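Q: As they're listed, the protein sequences go chains A and B.
If you want our numbering, it's the 1-based position in the first sequence plus 510.
If you want our numbering, it's the 1-based position in the second sequence plus 991.
Simulated from the structure, these hints should not be mistaken for laboratory data.
It should be emphasised that the depicted structure is a prediction, and the values quoted were computed from it without experimental measurement.
Hints may be right or wrong, so weigh each one.
Just the calculated beta-carbon pair ranges, DEER-fashion [said to hold, decoys possible]:
id, chain 1, residue 1, chain 2, residue 2, range
1, B, PRO1065, A, THR707, 45 to 53 angstroms
2, B, ASN997, A, ILE846, 45 to 53 angstroms
3, B, LYS1259, A, THR867, 44 to 52 angstroms
4, B, SER1247, A, GLU737, 32 to 40 angstroms
5, B, ASN997, A, MET877, 32 to 40 angstroms
6, A, THR867, B, PRO1067, 40 to 48 angstroms
7, B, GLU1136, A, GLY890, 26 to 34 angstroms
8, A, SER621, B, LYS1259, 20 to 28 angstroms
9, B, GLU1255, A, LYS759, 20 to 28 angstroms
10, B, GLU1136, A, ASP873, 21 to 29 angstroms
11, A, THR809, B, GLU1255, 21 to 29 angstroms
12, B, GLY1162, A, THR844, 36 to 44 angstroms
13, B, GLU1136, A, GLY752, 42 to 50 angstroms
14, B, PRO1065, A, GLU845, 39 to 47 angstroms
Quick look at which bits of chain A chain B covers, simulated, 3 or more residues with Cβ under 8 angstroms [to be verified]:
id, region
15, 544–551
16, 575–585
Built from N, CA and C at the ideal position, the CB exists for glycine as well.
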Amino acid sequence: MKIHEYQAKELFTHYGIPVAEGIVCRDVESCLEAYRNLFSEVVVIKAQVHTGGRGKAGGVKVARSPQEVEQYARNILGMDIKGFKVDRVMVARGVNIASEYYLSFVIDRNSKSVVLIMSREGGMDIEEVAATAPEKIFKIVIDPLVGIPDFLARKAAFMLFDDFDIVKQAVPLIQNLYKLFTETDASLAEINPLVITKEGRLIAIDGKMNFDDNALYRQPEVEALFEPDEEEKREQEAKSKGFSYVHLKGKIGCMVNGAGLAMATMDMIKLYGGEPANFLDIGGSSNPNKVIEAMKLLTSDPEVNVVLINIFGGITRCDDVARGLIEAFKHLKTEIPVVIRLTGTNEAEGRELLKGTSFHSADTMSMAISKSVELSKNRG
Amino acid sequence: MSILINNNTRLVVQGITGRDGGFHAAKMAAYGTNVVAGTSPGKGGQHAGGIPVFNSVADAVKIEGANTSVIFVPAPFVKDAIMEAADAGISLIVCITEGVPTLDVVEAKRYADTKGASLIGPNCPGLISPGKSLVGIMPGNIFKEGSTGVISRSGTLTYEVVYNLTQKGMGQSTAVGVGGDPVVGLYYNDLLKMFQDDPGTDSIVLIGEIGGDAEEQAAQFIKDNITKPVAAFIAGVTAPPGKRMGHAGAIISSGSGTAKEKHEAFIKAGVPVASEPAQIPDLLR
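Please construct the entire structure, taking both the sequences and the accompanying hints into account.
A: This is the structure we're talking about:
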């Protein structure tokens, strides 16, 4: 789950991490008021959207007068950045930057731990630095049973800074950011850039945080910040019914049990010349209600002209799955052709049950997918 | 032969009095697994489907000689369950539960390391050494004794692949589902090494998916260390970036973790990659 920069900075402040002061505004008038209240000649107006690359898209501008504040606020509010509409901006106090750094904590799959990542190449796209100059990136794997003792925070700070006055500011900042990371079940806490001001202060100019979806049940304050976009709303609705769903742009609706098999099904549709309309993992059971709900979800997409049901009957036997499907389709009125492929435990019995129904039953994944692609093409 | 589990496996089911725990304990016992105990704090002394229930894993180890555990407890209690099993001296801990907070796994895995225990999962279907032992939720009847090792991040996709292998007469030494979360226990390289060292395994199937770079690392590891034939399959060629495809770990972030990169890494390492599961048996011959 993602949050906005201003929300991340509120969390930073709460954990004692110094940030460039800013005010979040939803219209031009409030931007001008914020400008007056900040008592700062120079401010930065920053689009608040759940995506990176805001600067390149023109969503971050330095303003030096009320006229400029008004002009930039007008430009940025309502702007579209990578499909995200800007409905609020942050008006942040301008900072005299002496030098810029990168600092983040992230869950690392390889070390199976939290890793502190730092670089003197602040303000840059860190993935680009990692690709072009990996030697400029420092990584410290954190032992979760120990956390970050003072010596480790000092060791990290000395990798980044030469001036001991700055190191002394960096030590609590590193420890507090780790504390924030672990206490809120984050998956990313990033400061880019972290800057030293001309006055010798260390502050966060930007902040980004992502959170572990699996932990939201115990992070109500974080969950309250969730702002789903249209696709995410659809995905969330599916999730409440026990599905994993991702919408795509094709015509063949897929209903599959298991995430890996669902992905493989999409891939094979593409391989056979068709276009999958979605990823849908309906999970383990063959409950007719679940099938009905899944069909409703698939057919709510006007692009879908064929539905492919690919079920591997493991613990749930194929004959039970077939009965569930037949029961479910008694309650569904749809013109859309349905291709079913059942494999696994009791597959022969399952297929026997499907004979004489209006379903297109296929024995192998390959046959099911060829049939779906063919039907989809014939229907335009 | 096999890896990790065999006829000497003595299994304790953590969370045996829950719906899933009870159901799968019975399935595992029916398959022939030595399910020697279950745990459920406060229900010690009871029986669940004929299996003695203990208050703690430590009791199950002391009284029944349990050496492997399988965890079905709800996600909020998984961290504690893993640590309890490791503390009790269990050497292999298999966690089926999905939806476990990542930082819980990070801590519990580290604790298990300090106790010398291996972890598989969470969010995995478990593992099976056909004809010997089944630990987890895999449908035992689709597997067949044999000499192909299987490693996978997915459940039903593994069954699909195994089904194809079995139909072509290629049985399995052991099949392991490592789990679909970003942080899980034993992974490709650990298991590749075990299969390489197992005299009962003569070929290996690796089933990967989008997210992370473990497949790329596995490709390099195979090139450097594995002499047995390996075939791979990667799910998620059509997955859009930034979207989680069911599994918490199946996500393309900032353009990395794509199926294409993984595919290329395997090809570069000389490992054939199937474009559909049905091709895998032929790639191993």
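Q: Each of the hints needs a verdict: does it hold here or not?
A: Taking the hints in turn, this is what the structure says about them:
no., hint, result
1, B:PRO1065 to A:THR707: 45 to 53 angstroms, "holds (48 angstroms)"
2, B:ASN997 to A:ILE846: 45 to 53 angstroms, "holds (49 angstroms)"
3, B:LYS1259 to A:THR867: 44 to 52 angstroms, "holds (47 angstroms)"
4, B:SER1247 to A:GLU737: 32 to 40 angstroms, "violated (26 angstroms)"
5, B:ASN997 to A:MET877: 32 to 40 angstroms, "holds (38 angstroms)"
6, A:THR867 to B:PRO1067: 40 to 48 angstroms, "holds (43 angstroms)"
7, B:GLU1136 to A:GLY890: 26 to 34 angstroms, "violated (50 angstroms)"
8, A:SER621 to B:LYS1259: 20 to 28 angstroms, "holds (24 angstroms)"
9, B:GLU1255 to A:LYS759: 20 to 28 angstroms, "holds (25 angstroms)"
10, B:GLU1136 to A:ASP873: 21 to 29 angstroms, "holds (25 angstroms)"
11, A:THR809 to B:GLU1255: 21 to 29 angstroms, "violated (38 angstroms)"
12, B:GLY1162 to A:THR844: 36 to 44 angstroms, "holds (42 angstroms)"
13, B:GLU1136 to A:GLY752: 42 to 50 angstroms, "violated (35 angstroms)"
14, B:PRO1065 to A:GLU845: 39 to 47 angstroms, "holds (42 angstroms)"
15, 544–551, "violated (count 0)"
16, 575–585, "violated (count 0)"
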